[in-house]
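The whole structure should be built from the sequences, with the hints applied where relevant.
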Amino acid sequence: MMHVRRSPEEIAANRQRYEEHQKKGLEFAPKALPAPSPLPAPAIDAAAIIHQETIPGGWYWSTALKRGEALRIDQGEGGSTVALVAWNAADTSERLNLVDTVKVQWTTALGKGRVIFSDMGRVMFSLIEDSSGAHDCLMGGSTAASNAAKYPGVKSRNTRDNLVLVAGKLGLTRRDIPAILNLFAPVRVDDDGGFHWRGKLSNSGDYAELRAEMDMIVGFSNCPHPLDPDPVYAPKPVIVTRFRAPAPAIDDLSRTATAEALRGFENNASMLA
Amino acid sequence: MTDFIKTSASRSLENAVQEHFIPAEAPWSGIVRKGQTIRIEDSYGQQAIDTLFYRADDFAERYSNQDTMRAQGGAYIGTGTKIISNEGNVMLVMTADSCGRHDTSAGACSCESNTVRFGHGTKYLHACRDNFVIEVTKHGMSKRDIVPNINFFMNVPIKPNGEMTIVDGISAPGDYVELVAEMDVLCVVSNCPQINNPCNGFDPTPIRVLIWDGED
Chain S
1 MMHVRRSPEE
11 IAANRQRYEE
21 HQKKGLEFAP
31 KALPAPSPLP
41 APAIDAAAII
51 HQETIPGGWY
61 WSTALKRGEA
71 LRIDQGEGGS
81 TVALVAWNAA
91 DTSERLNLVD
101 TVKVQWTTAL
111 GKGRVIFSDM
121 GRVMFSLIED
131 SSGAHDCLMG
141 GSTAASNAAK
151 YPGVKSRNTR
161 DNLVLVAGKL
171 GLTRRDIPAI
181 LNLFAPVRVD
191 DDGGFHWRGK
201 LSNSGDYAEL
211 RAEMDMIVGF
221 SNCPHPLDPD
231 PVYAPKPVIV
241 TRFRAPAPAI
251 DDLSRTATAE
261 ALRGFENNAS
271 MLA
Chain L
1 MTDFIKTSAS
11 RSLENAVQEH
21 FIPAEAPWSG
31 IVRKGQTIRI
41 EDSYGQQAID
51 TLFYRADDFA
61 ERYSNQDTMR
71 AQGGAYIGTG
81 TKIISNEGNV
91 MLVMTADSCG
101 RHDTSAGACS
111 CESNTVRFGH
121 GTKYLHACRD
131 NFVIEVTKHG
141 MSKRDIVPNI
151 NFFMNVPIKP
161 NGEMTIVDGI
171 SAPGDYVELV
181 AEMDVLCVVS
191 NCPQINNPCN
201 GFDPTPIRVL
211 IWDGED
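Residue numbers (full-length UniProt numbering), protein chains in the order written: chain S, 1 to 273; chain L, 1 to 216.
No lab work stands behind these hints, which were simulated from the structure alone.
Keep in mind that the hints are not guaranteed to be accurate.
As the list claims (entries may be wrong) - If you want the footprint, here are the derived chain S segments under chain L, 3+ residues with CB under 8 Å:
id : region
1  : 16 to 25
2  : 141 to 149
3  : 189 to 200
Beta carbons are placed, not taken as given, at the ideal position from N, Cα and C, and that holds for glycine.
See the structure below:
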């Protein structure tokens, strides 16, 4: 095969530009991000609350979410992982995209001030509060098989089947289920790529708040994470509160802390224009 | 990284049943039957090869990066990795790998994500997602069927603190991976055209795909 190489000058210019982006993403952006949210969680203004749902251990739920509304996801009794998926309400082919989310923000460690992207280069959620930063973008959820192996002889619900139910009841199919975000799953990766459960990253009463940056449908599954060290299947209820979030100020952290978020919100603006 | 494991000596160019040359930046798709082995060759070195698999008789069952990572307990793809579907089935098994480092956490480049990563001026550049759309629509699918993929030969170390960055690939010219199919699969490839990061040395190059029948 004949192939004409790009010139050394073109390659050098592209490399220099990449390294500038990388430096901003790895060195400058983390310094611009806020500290984790305080514990215990402050009360939400009662007048702003639209709906509150307690998802029993092992179960699923979905809700519509308008742009500007937010979800507080509260571990409640503690120890629960919440798997989350989302679709653009106006076009469900636009959906949560975790590979872009971690790639464009140069980190798999989402925390307060980070954003969550769709596959169309737009911001779906801003993580406006987060007390732990202990979430998992990589490993996905439990399945019937993984539960059977982990809890032999125990009847249990699992995240894969829960999300099939969520999608199916929305008129969507198995083809529409994106890779999932596990909230409250302190998973980190060692130098060889192995996954580890870093329980010390989590706190009792952890919560996260996600502000919707477009109209969405959001699905949840409340099942133990595959790496959850508890050998007993005993998922606890979690509380999801849908509320009207304060309008973001011009210097809103989630919008301004990183160059990537700024450009993502510019893409949102062109959708809304 | 996994140890370098080379292919069976019985596989040669002469007894391959298919050979496809995929130019720089181009897509390709084809069926790999159960028992066949597909070799994906990085002919010039340092070229990321974005790849998806779908069950040939039911495209709703497809590669799942999260299930694959969960099943093997690790983030990188290497020899012995079982390629797992969204239904928890083994689609293929990686049986040879002369490189040792492959990613499945970083997804494919797209015109849209390029604007976020590298600035709006990069929107109108050729991208893997466009390659995937071209190929999957030939098979009656659409954008909703494009899921997080494997990036063969792409080097994306993840640090214990979560930092994740694409760095120079370590593949040499002629490096390859081989996967034996455990079911009939549609393989969809985008020979990554990205010129804004080091996934392919800022210089996309041609690749080759070979397929052999099973040995028994």
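Each hint, compared with the structure:
no., hint, in the structure
1, 16 to 25, "holds (count 5)"
2, 141 to 149, "holds (count 5)"
3, 189 to 200, "holds (count 7)"
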